[in-house]
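Taken in sequence, the protein lines are chains R and Z. Sequential numbering from 1 applies to the first sequence in this note's numbering. Sequential numbering from 1 applies to the second sequence in this note's numbering.
Note that these hints are calculated values from the structure, not bench results. We treat Cβ as the ideally placed atom computed from N, Cα and C, and that holds for glycine. Check the hints yourself; a few may be wrong.
Stated by the list, open to error - Simulated DEER-style distance windows between Cβ atoms:
id, chain 1, residue 1, chain 2, residue 2, range
1, R, Asp22, Z, Gly13, 48 to 56 Å
2, Z, Glu297, R, Asn323, 17 to 25 Å
3, R, Gly205, Z, Arg196, 38 to 46 Å
2 protein chains.
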Amino acid sequence: MAQQYCVGVDLGGTNIKAGLLDAEGNVLSRLSIPTETERGRDRVVDNIVSAAERAIAQAGIKRELVAGIGIGSPGPMSHRRGLIINPGNLPCLQDTPIREITRERTGLPTTLENDANAAAWGEYWAGAGKGVRDLVMFTLGTGVGGGIITDGRLLRGHFENGAELGHILVNPGGRLCSCGQNGCVEAYSSAYNLARHAEELIAGGRHSSLEARTDAGEMLMAEHIVEAAQEGDDLATYVWDRACYYLAVATVTMQHLSNPERVVLAGGLIAAGEYLLESVRRHFRALTWKLLDDFPEIRFAALGNDAGVIGAAGCAWEAHRLNDW
Amino acid sequence: MAQQYCVGVDLGGTNIKAGLLDAEGNVLSRLSIPTETERGRDRVVDNIVSAAERAIAQAGIKRELVAGIGIGSPGPMSHRRGLIINPGNLPCLQDTPIREITRERTGLPTTLENDANAAAWGEYWAGAGKGVRDLVMFTLGTGVGGGIITDGRLLRGHFENGAELGHILVNPGGRLCSCGQNGCVEAYSSAYNLARHAEELIAGGRHSSLEARTDAGEMLMAEHIVEAAQEGDDLATYVWDRACYYLAVATVTMQHLSNPERVVLAGGLIAAGEYLLESVRRHFRALTWKLLDDFPEIRFAALGNDAGVIGAAGCAWEAHRLNDW
Numbered sequence: 001m002a003q004q005y006c007v008g009v010d011l012g013g014t015n016i017k018a019g020l021l022d023a024e025g026n027v028l029s030r031l032s033i034p035t036e037t038e039r040g041r042d043r044v045v046d047n048i049v050s051a052a053e054r055a056i057a058q059a060g061i062k063r064e065l066v067a068g069i070g071i072g073s074p075g076p077m078s079h080r081r082g083l084i085i086n087p088g089n090l091p092c093l094q095d096t097p098i099r100e101i102t103r104e105r106t107g108l109p110t111t112l113e114n115d116a117n118a119a120a121w122g123e124y125w126a127g128a129g130k131g132v133r134d135l136v137m138f139t140l141g142t143g144v145g146g147g148i149i150t151d152g153r154l155l156r157g158h159f160e161n162g163a164e165l166g167h168i169l170v171n172p173g174g175r176l177c178s179c180g181q182n183g184c185v186e187a188y189s190s191a192y193n194l195a196r197h198a199e200e201l202i203a204g205g206r207h208s209s210l211e212a213r214t215d216a217g218e219m220l221m222a223e224h225i226v227e228a229a230q231e232g233d234d235l236a237t238y239v240w241d242r243a244c245y246y247l248a249v250a251t252v253t254m255q256h257l258s259n260p261e262r263v264v265l266a267g268g269l270i271a272a273g274e275y276l277l278e279s280v281r282r283h284f285r286a287l288t289w290k291l292l293d294d295f296p297e298i299r300f301a302a303l304g305n306d307a308g309v310i311g312a313a314g315c316a317w318e319a320h321r322l323n324d325w
Numbered sequence: 001m002a003q004q005y006c007v008g009v010d011l012g013g014t015n016i017k018a019g020l021l022d023a024e025g026n027v028l029s030r031l032s033i034p035t036e037t038e039r040g041r042d043r044v045v046d047n048i049v050s051a052a053e054r055a056i057a058q059a060g061i062k063r064e065l066v067a068g069i070g071i072g073s074p075g076p077m078s079h080r081r082g083l084i085i086n087p088g089n090l091p092c093l094q095d096t097p098i099r100e101i102t103r104e105r106t107g108l109p110t111t112l113e114n115d116a117n118a119a120a121w122g123e124y125w126a127g128a129g130k131g132v133r134d135l136v137m138f139t140l141g142t143g144v145g146g147g148i149i150t151d152g153r154l155l156r157g158h159f160e161n162g163a164e165l166g167h168i169l170v171n172p173g174g175r176l177c178s179c180g181q182n183g184c185v186e187a188y189s190s191a192y193n194l195a196r197h198a199e200e201l202i203a204g205g206r207h208s209s210l211e212a213r214t215d216a217g218e219m220l221m222a223e224h225i226v227e228a229a230q231e232g233d234d235l236a237t238y239v240w241d242r243a244c245y246y247l248a249v250a251t252v253t254m255q256h257l258s259n260p261e262r263v264v265l266a267g268g269l270i271a272a273g274e275y276l277l278e279s280v281r282r283h284f285r286a287l288t289w290k291l292l293d294d295f296p297e298i299r300f301a302a303l304g305n306d307a308g309v310i311g312a313a314g315c316a317w318e319a320h321r322l323n324d325w
C-alpha cells in the first residue's frame with residue numbers, strides 16, 4: 001500500500017511543533033510541546049521523537065501509511081549529514097545527528113532541513129508559491145531569513161549556507177549587522193533592526209513622536225515604527241522607507257540572480273499589510289532595469305504559523321519522491 | 001558504438017568559433033570564420049551549420065562518433081525553446097529557432113545556451129572549476145557577465161535571465177548602468193565602465209596623469225587606468241579600487257546566495273593579474289561576515305579564448321548525459 005502521509009517537525013528554541021500532512025499539504029493533526037532546552041540534550045531529543053509520534057497517533061493513522069518524517073531545524077546544520085551543528089538558541093543540541101536518531105527510534109525515514117529553507121519549501125509546495133518552479137522567500141522577523149527554490153529544487157550551496165538572503169549587501173559600509181558585516185539588508189529590513197535603527201537616530205538627537213516611548217525607557221518594537229510612520233512621524237517614515245527600499249534593492253538583486261517568477265514575503269513584519277507591500281513594490285519598480293520585463297510578482301506568504309510544520313513535511317515528501325532520505 | 005565527441009559553436013557578432021571536443025574537454029579541432037551579419041540571416045545560419053560541420057571534418061572523425069552540437073549565443077535567447085530572441089550584435093537572427101535548424105541540417109542533436117552560461121559551464125567542466133559542484137563566474141569585459149552553477153546545474157531562472165551577475169545592485173543610486181539601473185556592479189567593475197568612470201571624474205575637474213590622453217581626445221581604456229594606478233596616480237587608484245571593491249561586494253552577496261566553493265574571474269580585465277586578484281581578495285576579507293568561515297576561493301579562469309567553444313561543447317555533453325537535448 002502506498003504511503004499517504006508525512007510528519008513535519010518544526011524545532012524551535014521554545015517549542016517543538018509537529019503535524020501529520022497528506023500529499024496535498026492538508027494538515028491532519030497539529031500539536032506544540034515545550035522544547036525544554038534547559039533539561040538538556042537527551043530530553044530535547046526525546047521531545048522531538050515524541051512530537052513526531054504524537055502527530056501520527058493524534059491523526060489516528062496507521063503507521064504503515066506514513067512515508068517519513070521531515071525536521072526543520074535552526075542553523076548552522078547540515079542537511080547532507082543530517083546533523084544539527086551549533087544553533088544559538090539550542091546549544092544543547094550541538095553536533096547531534098538527529099536524522100539518524102529519529103530514524104532509529106521511530107523506524108521511519110527522516111530528513112533534516114534548515115528551518116528557513118523548510119518554510120520556503122512549504123510556501124512553494126502548498127502556499128503562496130504553488131504552481132511556480134522558481135521562488136524566493138524573504139522572512140522578515142528578528143533577522144531576515146530566506147529560501148531560494150530554483151527549477152523546483154532548494155538551493156543549498158557548497159557549504160550548505162546558501163540563501164542567507166538577510167546578508168545580501170545592500171548598503172556597503174552601512175549599519176552594522178549582527179553577522180559582522182556592514183550594510184546587510186537585515187540591518188535595515190528586519191522587525192528587530194527597524195526598531196533599533198529608529199532608537200539610534202533618536203539617541204543621535206533626531207526628534208520623533210516615538211520619544212514618548214524611548215524617554216519612558218521603553219524598547220521600541222517594529223509595530224511602533226509602523227504606527228508612527230502611518231501617523232506621519234518623519235523619523236519613523238524615514239526608517240520605514242529605508243526598510244522597504246533596501247528590501248526592494250535585495251529583490252532586484254534576486255531578480256537578476258535566481259530570476260524567480262515569484263517573491264514571497266513572510267514573517268512578523270508582514271502584519272503591516274498593504275503598507276509594506278505597496279512600498280516594496282513601488283521601490284522595486286523604481287530600482288529595477290528597463291532592459292527586459294522579467295519582473296517577479298511580489299506577494300505575502302500564505303501559510304502563517306503552520307509554515308514550519310508544513311514545510312518540514314513537504315521536505316519529507318520531496319525526499320520520498322526522490323527516494324533521497 | 002558510444003559517441004565520443006561533441007561540437008562546440010561560439011556565436012559572436014564578428015566571428016563564429018567552433019571546435020570538436022572529446023568527453024574530457026580536449027580540443028581536437030578549432031576554427032574561426034566570419035559571422036557575416038551584414039549578409040543577413042540565411043547566410044549567418046549557413047555559417048553556423050558550416051562551422052559545426054567543418055569542426056568535425058577538420059578533426060577527421062567519423063560522424064557516428066559525434067554525440068551532438070552545443071551552440072553558445074548572446075542573449076536574449078531561450079535555452080528551453082532553442083530560440084535566439086533579439087541579441088544586440090546579431091539583429092539578423094531575431095526570433096531564429098537555431099536549435100531546430102541546426103538539428104535538421106546536420107542530423108545531430110543540438111542544444112542552445114546563453115554564451116555567458118556556456119563559458120561558466122566550460123570552466124566548471126574543464127577549467128578553473130574542475131572538481132567543484134558550486135561555482136560562480138564573473139566575466140569582466142565590456143559588461144560584467146556571469147554564470148552560476150549550483151549542485152552541478154546551471155541556474156537559469158524562470159525567465160531564463162538568471163545569473164545576470166553584472167546587475168547586482170552594489171551601490172543603489174550610484175553610477176548609471178547601460179541597463180537602466182543605478183549602482184550595478186557592471187557600472188564600476190567592467191573594463192568599459194572603469195574607463196568611463198575615470199573620464200567622468202576628469203570631466204568633473206579632477207586632475208590625473210590620464211589627462212595627457214583625454215586632452216589629446218583619446219578615449220581611455222581599462223589598461224590605461226591599471227597602468228596609471230600602478231604608477232600611483234590618485235584618480236586612477238580611486239577608480240581601480242572602486243572596481244575591485246564593488247566586485248568584492250558582489251562576491252560577498254554571492255557567498256550568501258549560491259554559497260559557492262569557488263568564484264572564478266574571467267574576461268579582459270584579468271590581464272591585470274595579481275594586481276586585480278589581490279585587491280578583490282583583500283576587500284572581500286574586509287567585507288564578509290565573521291559568523292561562519294564559508295569563504296569561496298577566488299581565482300582566475302583557466303580556458304582563455306577557448307572558453308566559449310569548450311563551454312558550448314560541455315553543454316552538449318551535459319545534454320547528452322541527461323538525454324535532454
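A quick look at each hint next to the structure:
A beta carbon spacing of about 55 Å between Asp22(R) and Gly13(Z) agrees with the range 48 to 56 Å that was offered as a hint. The hinted window of 17 to 25 Å between Glu297(Z) and Asn323(R) is violated, with their beta carbons roughly 33 Å apart. The hint said 38 to 46 Å for the Cβ distance between Gly205(R) and Arg196(Z), and at roughly 40 Å that hint holds.
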